[in-house]
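A.B. asks: Listed in order, the protein sequences are those of chains A and B.
As numbered in our numbering, the first sequence has no gaps in its residue numbers, which increase by one up to the final residue, 295.
As numbered in our numbering, the second sequence has no gaps in its residue numbers, which increase by one up to the final residue, 294.
No wet-lab data here; the hints were simulated from the structure.
Predicted, not measured: the structure shown is a model, and the values here were computed from it.
Glycine residues also receive a C-beta, built at the ideal position from the N, C-alpha and C atoms.
Please note: incorrect hints may appear among the correct ones.
Said to hold, decoys possible - Straight-line alpha carbon distances no greater than 20 Å define the calculated EDC-like cross-link-like pairs of lysine to aspartate or glutamate that follow:
id	chain 1	residue 1	chain 2	residue 2
1	B	K259	A	E6
2	B	K237	A	D92
3	A	K99	B	E244
4	B	K237	A	E215
5	A	K35	A	D47
6	B	K237	A	D235
7	A	K35	A	D87
8	B	K11	B	E43
9	B	K259	A	D92
10	A	K35	A	E6
To be verified - Rough simulated footprint, nothing fancy, chain A against chain B, three-plus residues with beta-carbon under 8 Å:
id	segment
11	36 to 43
12	100 to 112
13	230 to 243
Unchecked claim - Distance windows between CB atoms, simulated:
id	chain 1	residue 1	chain 2	residue 2	range
14	B	G84	A	N265	22 to 28 Å
15	A	E45	B	G166	32 to 38 Å
16	B	A76	A	R98	18 to 24 Å
17	B	R93	A	P258	23 to 29 Å
18	B	G166	A	G164	34 to 40 Å
19	B	F281	A	D100	16 to 22 Å
20	A	Q266	B	G84	51 to 57 Å
21	B	A25	A	P258	45 to 51 Å
22	A	R98	B	G84	41 to 47 Å
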Amino acid sequence: MSDYKEILYQKQRRGVLITLNRPEALNAITRSMLKEFHQALDEAEADPEIRVIVLTGAGRGFCSGFDQRTTSGRRRDMQWPQGMPTDMSTADLLNYWRKDDARLLHIFELTKPVIGAVRGWAMGGGCWLALFTHITIAADDAVFAQPEVRHGSNTTFMWTLLAGFKNAIRYGITGDHIDAGEALRIGLVNKVVPVDQLLEECFSIVERIAHVPPETVKINLAISTMGLNMMGLRDALALDFEMSVAAHMMLREEFRRPLDEARFNQGTKAYLQLRDGPFQPEPFGPRSKKQRGLE
Amino acid sequence: MSNYKTILYEKQRHGVLITLNRPNALNAMNQDLLGEVDHALAEAETDPEIRAVVLTGAGGTFSVGEDISGDEPATAWPYGIPQGSSLVYEYNRFRDADRRDILGRQLYRWEYPKPIIGAVSGWCLGAASWLALTCHVTIAADDAVFGQPQVRHGANTDFIWVALAGFKNALRYSLTGDHVDAKEALRMGLVNQVVPKDKLLEECFAFVERVAHVPPETVKINLAIATSGMEMMGLRKAWTLNAELAAMAQLSKRQEFNKHLEDAKKKGGVEAFLEARDKPFQPEPFGPKAKKRK
Numbered sequence: 001m002s003d004y005k006e007i008l009y010q011k012q013r014r015g016v017l018i019t020l021n022r023p024e025a026l027n028a029i030t031r032s033m034l035k036e037f038h039q040a041l042d043e044a045e046a047d048p049e050i051r052v053i054v055l056t057g058a059g060r061g062f063c064s065g066f067d068q069r070t071t072s073g074r075r076r077d078m079q080w081p082q083g084m085p086t087d088m089s090t091a092d093l094l095n096y097w098r099k100d101d102a103r104l105l106h107i108f109e110l111t112k113p114v115i116g117a118v119r120g121w122a123m124g125g126g127c128w129l130a131l132f133t134h135i136t137i138a139a140d141d142a143v144f145a146q147p148e149v150r151h152g153s154n155t156t157f158m159w160t161l162l163a164g165f166k167n168a169i170r171y172g173i174t175g176d177h178i179d180a181g182e183a184l185r186i187g188l189v190n191k192v193v194p195v196d197q198l199l200e201e202c203f204s205i206v207e208r209i210a211h212v213p214p215e216t217v218k219i220n221l222a223i224s225t226m227g228l229n230m231m232g233l234r235d236a237l238a239l240d241f242e243m244s245v246a247a248h249m250m251l252r253e254e255f256r257r258p259l260d261e262a263r264f265n266q267g268t269k270a271y272l273q274l275r276d277g278p279f280q281p282e283p284f285g286p287r288s289k290k291q292r293g294l295e
Numbered sequence: 001m002s003n004y005k006t007i008l009y010e011k012q013r014h015g016v017l018i019t020l021n022r023p024n025a026l027n028a029m030n031q032d033l034l035g036e037v038d039h040a041l042a043e044a045e046t047d048p049e050i051r052a053v054v055l056t057g058a059g060g061t062f063s064v065g066e067d068i069s070g071d072e073p074a075t076a077w078p079y080g081i082p083q084g085s086s087l088v089y090e091y092n093r094f095r096d097a098d099r100r101d102i103l104g105r106q107l108y109r110w111e112y113p114k115p116i117i118g119a120v121s122g123w124c125l126g127a128a129s130w131l132a133l134t135c136h137v138t139i140a141a142d143d144a145v146f147g148q149p150q151v152r153h154g155a156n157t158d159f160i161w162v163a164l165a166g167f168k169n170a171l172r173y174s175l176t177g178d179h180v181d182a183k184e185a186l187r188m189g190l191v192n193q194v195v196p197k198d199k200l201l202e203e204c205f206a207f208v209e210r211v212a213h214v215p216p217e218t219v220k221i222n223l224a225i226a227t228s229g230m231e232m233m234g235l236r237k238a239w240t241l242n243a244e245l246a247a248m249a250q251l252s253k254r255q256e257f258n259k260h261l262e263d264a265k266k267k268g269g270v271e272a273f274l275e276a277r278d279k280p281f282q283p284e285p286f287g288p289k290a291k292k293r294k
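Generate coordinates for the entire structure from the input sequences, incorporating the hints supplied.
C.D. replies: Encoded structure:
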């Protein structure tokens, strides 16, 4: 077994629990974490004792997305009106953004099932990780969202595939929060369970899958995943990827500059307040649920 | 009939000859010319006397591609975009222009309900090569030279090269911008036939007259079986991605590759720009001069 630093790898009950393990940063994704995660997927795929992978996050959330401090290229020396980091050419920037560290198709095309176990925040890139798993179980406190679309970043076509055209656009162009109930309604998750039963629910599925011969599971996974690829998912994701590069490079001064300034002069909290303040209350956020009298 | 300024529109022998007519600029394509080609195609589409369109260039050459003369705003280095502009603005501009003017026009010609026959002699470079290659039938004179030298200064190829010449042949030429003579073009499948230069239009209109013996509805359906089928097979998807990549290619200028070209143009005009750009690639493996040396 490898020596992982930013994830946990715990074999149990015919499967393995891979835990994104940076709870102090709500499991924000770093490049080194992604590297470990993909290595862990390979390790689990090659281990005949492991029939299914369960992916979760440590602490109170699943994953808050890409770590804004280490992976985003968001620098205090942005050059305006160019909308580019000082002393970088567009060619440099293009090369930078085209590195596909997330490799979400690696999850999707894995030959063993991956089950996402989501509690609390699943934001941005964290939400994509959850969506690309083959089965996703949400705790009742789960919140999915892509707030990054508010500061010049992109959604993924996987939302459209799962939630359908109108639902995906509704949330993909605003970054609005979605609670577990709405996620279930639009098809982002398979089931919602109480938070204290989340892992038990996932590993009971693992054990059911383990009763089916591995070759049959592999073929039935492929009928779905390769079928979707053939239907055009791979094409859509190929375009998606270019769109993602484009989205990250197209920064408009009047939208972006105040956010960057808030971030570097006053910190992340002020930045998030400035970015997300206009959108509050979130229609499906945990607080608005209380306001709606649902709790 | 409309009054065209940058093209000629001459009905003859069951067809129409549309001639790119800026011979002083080797028929370089500007927005006026491209707009008039569209307009002329729309005119020919509704004229029941016209059964096929022949597209050629004036003065013995097809076209050298997009017109790159004229002043461009100076580039801010190292950013590689025009001074005082922003990446978001330039990006939007390129993408919109590519969809509307390049892909939009290309799809209009591709899906055109009458055959368009490209009659290519002399230079057929850059975007003009795309224009010639997306014609339904392309006949080359023996002096035709195809090439995409724009890839040498931070621009892109078009997937039609891959669709016609195949993966390896297309890459061989689109990574370098190297010239392709008529014979090599025939070998790779870029053109249907190579004929002596003085027989080019005769050969094309002989073909138009053969087409005219077939009922128009049948011709239309058989065109669609090929063109719509290619779209269904994925050509449309490939072109959609192509449009994105074109925008990126044109904006990712790198100082060490591009600045000296821009400086040369500022100092010595288009000629100096071309000299700086193309000299390292000479002699061209299939250029007309290389042939004479053999």
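A.B. asks: Each hint: holds or not?
C.D. replies: So, going through the hints one by one against the coordinates:
1. Using a Cα cut-off of 20 Å, the hinted pair B/K259 and A/E6 is violated, with the two alpha carbons roughly 44 Å apart.
2. Distance hint between B/K237 and A/D92 is unfulfilled; the C-alpha atoms sit about 27 Å from each other, more than 20 Å.
3. Distance hint between A/K99 and B/E244 is fulfilled; the C-alpha atoms sit about 17 Å from each other, no more than 20 Å.
4. At most 20 Å may separate the alpha-carbon atoms for a hinted pair to count; B/K237 and A/E215 exceed this at roughly 34 Å.
5. Among the hinted pairs, A/K35 with A/D47 is consistent with the structure: their alpha-carbon atoms are about 19 Å apart, no more than 20 Å.
6. The straight-line distance between the Cα atoms of B/K237 and A/D235 is roughly 7 Å, inside the 20 Å bound, and the hint therefore holds.
7. Annotation: proposed proximity of A/K35 to A/D87 is violated, straight-line Cα distance about 28 Å (limit 20 Å).
8. Distance check on the hinted pair: B/K11 and B/E43 sit about 11 Å apart at the alpha-carbon level, within 20 Å; holds.
9. Proposed proximity of B/K259 and A/D92 is supported: the alpha carbons are some 15 Å apart, at most 20 Å.
10. Between A/K35 and A/E6, the direct Cα distance comes to roughly 10 Å. Compliance with the 20 Å bound is thereby established for this hinted pair.
11. Only residues whose beta carbon comes within less than 8 Å of a beta carbon in chain A count, and the segment 36 to 43 of chain B has 0; fewer than three means the coverage is violated.
12. Remark: the segment 100 to 112 of chain B is not confirmed as covered by chain A, as 0 of its residues place a Cβ nearer than 8 Å to a Cβ of that chain, below the required three.
13. A stretch counts as covered by a chain when three or more of its residues have a beta carbon under 8 Å from one of that chain; for the segment 230 to 243 of chain B and chain A the count is 4, and the coverage holds.
14. For B/G84 and A/N265, the Cβ-Cβ distance of about 26 Å falls inside the hinted range of 22 to 28 Å, so the restraint holds.
15. For the hinted restraint 32 to 38 Å between A/E45 and B/G166, the CB-CB distance of approximately 35 Å keeps it satisfied.
16. Taken as a hint, the range 18 to 24 Å holds for the pair B/A76 and A/R98, whose Cβ atoms sit roughly 22 Å apart.
17. In this structure, B/R93 and A/P258 meet the distance hint of 23 to 29 Å, their C-beta atoms being roughly 24 Å apart.
18. For B/G166 paired with A/G164, a C-beta distance near 38 Å keeps the hint of 34 to 40 Å intact.
19. About 32 Å separates the C-beta atoms of B/F281 and A/D100, a value inconsistent with the hinted range of 16 to 22 Å.
20. Taken as a hint, the range 51 to 57 Å is violated for the pair A/Q266 and B/G84, whose Cβ atoms sit roughly 29 Å apart.
21. Range check, B/A25 to A/P258: about 47 Å between beta-carbon atoms, so the 45 to 51 Å window is met.
22. Taken as a hint, the range 41 to 47 Å is violated for the pair A/R98 and B/G84, whose Cβ atoms sit roughly 27 Å apart.
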